[in-house]
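Trainee: Given the structure of chain A, go ahead and fit chain B onto it with the hints provided.
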Amino acid sequence: MTELATYNFAYLDEQTKRMIRRAILKAIAIPGYQVPFASREMPMPYGWGTGGVQVTAAVIGPKDTLKVIDQGADDTTNAVSIRAFFQKTANVRVTTRTAEATIIQTRHRIPEAALQTGQILVYQVPIPEPLRFLEPRETETRKMHALEEYGLMHVKLYEDIARHGHIATTYAYPVKVEGRYVMDPSPTPKFDNPKMHNSPALQLFGAGREKRIYAIPPYTEVVSLDFEDHPFEIQTFSQPCALCGAKGSYLDEVILDDKGGSMFVCSDTDFCEVRQEKGHRGHLAANPAEAAE
Amino acid sequence: MSDLPLLKVNALSKFYGSRIGCQNVTFELWPGEVLAIVGESGSGKTTLLNCLATRLAPSAGSVEYRMRDSQFRDLYRLSEAERRFLMRTDWGFVHQNPADGLRMTVSAGANVGERLMAVGDRHYGKIRATATDWLGRVEIAEDRIDDQPRAFSGGMRQRLQIARNLVTNPRLVFMDEPTGGLDVSVQARLLDLLRGLVSDLGLAAIVVTHDLAVARLLSHRMMVMKDGHIVETGLTDRVLDDPQAPYTQLLVSSILQV
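Heads up: the sequence lines are chains A and B, in that order. Numbering-wise (full-length UniProt numbering), the first sequence opens with residue 1 and increments by one. Numbering-wise (full-length UniProt numbering), the second sequence opens with residue 1 and increments by one.
This is chain A alone, in the form it adopts within the complex:
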């Protein structure tokens, strides 16, 4: 090798990783609590996952296998560039298979395949404070967390029902962790909220611009907030995935033409591909015999 300058393993220097690991340990010790940390400048703009990248850099080791998803997909810009970043700076194995990964960095989705013990799910978080849009003062929201004053969170849900007739919050749906802290699960669809409950995987949340880290340890109670007469519900889809025919997975709408045509496909590309390999076919899937020609 004739490189003049090289990166430290996983880009960040060891002191920084140590600082982030201390924040992560504290976050795991107090599930749902937002731990402040000295977020670093990363070689990417804020909003692209600087928090998630720092958390991943602090926990990744040479033997890890990394998967990065953006809205469930392994092949979008954000996912591809972060995966390439760690290939280059840490030289770790990368994969798109959920089951093979030891660390999964995600933006806005939890994989459809059930996570296993030993896996770490790292979320990129834009706004960690669930009370932010109701209470702009940071001093006040901290006090509200400290004193467990969460009535305001229900004011937001009340407003939803008053305006729309049902709880219209579909993403960043507030949850209560282990009966104590109310937490913003980052902009994941509420479809994924039940997957956080009692998950065997460790879930870490990093917000780079807001300089906060929080965590859900394995097998932790995560309850979505609701009203007795308007219970929490996840999204349902009227049709199966157009490519793999899956029912009960989270679907994205894909525009097909300029005449209003569209199809619904699994947002989790790995889940969809694995199903297609196993021979599941949706109504718009390519015929494998024709594709081979």
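If you are wondering where the hints come from, they were derived from the structure by calculation, not from laboratory data. Among the clues, some could well be false.
As the list claims (entries may be wrong) - When the alpha-carbon atoms are kept at most 25 Å apart in a straight line, the in silico BS3-like pairs for lysine-lysine are as follows:
hint	chain 1	residue 1	chain 2	residue 2
1	A	Lys143	A	Lys26
2	A	Lys247	A	Lys190
3	A	Lys190	A	Lys176
4	A	Lys156	B	Lys126
5	A	Lys176	A	Lys211
6	A	Lys176	B	Lys126
Said to hold, decoys possible - Below, a sample of chain B positions facing chain A; criterion: calculated Cβ distance under 7 Å:
hint	residue
7	Ala81
8	Gly109
9	Ala110
Unchecked claim - Here are a few chain B residues that face chain A, going by a calculated C-beta distance under 8 Å:
hint	residue
10	Gly21
11	Ser107
12	Ala118
13	Tyr124
14	Asp146
All C-beta atoms in this analysis are idealised placements derived from N, C-alpha and C, irrespective of residue type, glycine included.
Mentor: Relative to the frame of chain A, chain B by itself:
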């Protein structure tokens, strides 16, 4: 009225550096009693009110409050959690400017329901029914329940603020110039409403006002303040009809007669 006071204030003082906010204020407030604090601008009325309502730490003296279990507790020895709980359940605070006491960006129904949700109410239908009931009691039409307070007139906002404070059936309400900034006919309606609510619910209230007519209409007893000191205290009608202190005589005689 009970034979035990609700609030005991002993030698309360607040200094801003060497300047006096209020000094050596001692009084007791009984359940169901409305006390007016009157005086000119800068006489320390609002400072005193804020010290009583734990919004401003006093420099000396004590404020004791009889909790629902009949135990007197020093408000400044309560933990912050207890104090904040007290403020949103057993107390109300009506600001002069309704925007200070309301959440302007959420609907009227949510404004009234916030305290209910804060104490653990989790049934949307019941919260909404209670909010509807309270809007009716403060004379706001039922079909305005989903409108934001910013779409309300000044008088409606003030009435909404009152409903928001009274929904948890508090025992003590602090009011800082509740009719300030409202025109005369709206003031009259609001005072009428307040008087009805206070007597129906048996509320104790401390009302700060510079308007002697407000004190006359609402309060049973009044305290006159001047330069941070209480110069005279007594039954409202007695103080206004037969003022003893020279300053009170000046104050009463300076009311414009129409």
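Trainee: For each hint, tell me whether it holds in the structure or not.
Mentor: So, going through the hints one by one against the coordinates:
Between Lys143(A) and Lys26(A), the direct Cα distance comes to roughly 19 Å. Compliance with the 25 Å bound is thereby established for this hinted pair. The hinted pair formed by Lys247(A) and Lys190(A) meets the criterion: a straight-line CA distance of about 17 Å does not exceed 25 Å. Proximity of Lys190(A) to Lys176(A) is assessed by CA-CA distance (about 13 Å); at most 25 Å being required, the pair is judged to hold. Restraint check for Lys156(A) and Lys126(B): the C-alpha separation of about 16 Å stays at or below 25 Å, so the hint holds.
For the proposed pair Lys176(A) and Lys211(A), the alpha carbon gap of about 21 Å is at most 25 Å, so the pair holds. With a C-alpha separation of about 23 Å, the suggested pairing of Lys176(A) with Lys126(B) holds against the 25 Å cut-off. For the restraint placing Ala81(B) at the interface with chain A, the shortest Cβ-Cβ distance is roughly 5 Å, inside the 7 Å limit, so the hint holds. Evaluation of the Gly109(B) hint against chain A yields a held restraint, the C-beta minimum of about 6 Å falling below 7 Å.
For Ala110(B), the interface hint holds, the least distance from its beta-carbon to any beta-carbon of chain A being 5 Å, beneath 7 Å. Hint status for Gly21(B): violated, given a least beta-carbon distance of 24 Å to chain A, over 8 Å. Restraint check, Ser107(B) versus chain A: the minimum CB separation of about 5 Å is within 8 Å; hint holds. For Ala118(B), the shortest C-beta to C-beta distance to chain A is roughly 3 Å, which falls under 8 Å, so the interface hint holds.
Annotation: Tyr124(B) was flagged as interfacial toward chain A, and the flag holds, the nearest CB pair being 4 Å apart, inside 8 Å. This hint holds: Asp146(B) has a C-beta 5 Å from the nearest C-beta of chain A, less than the 8 Å allowed.
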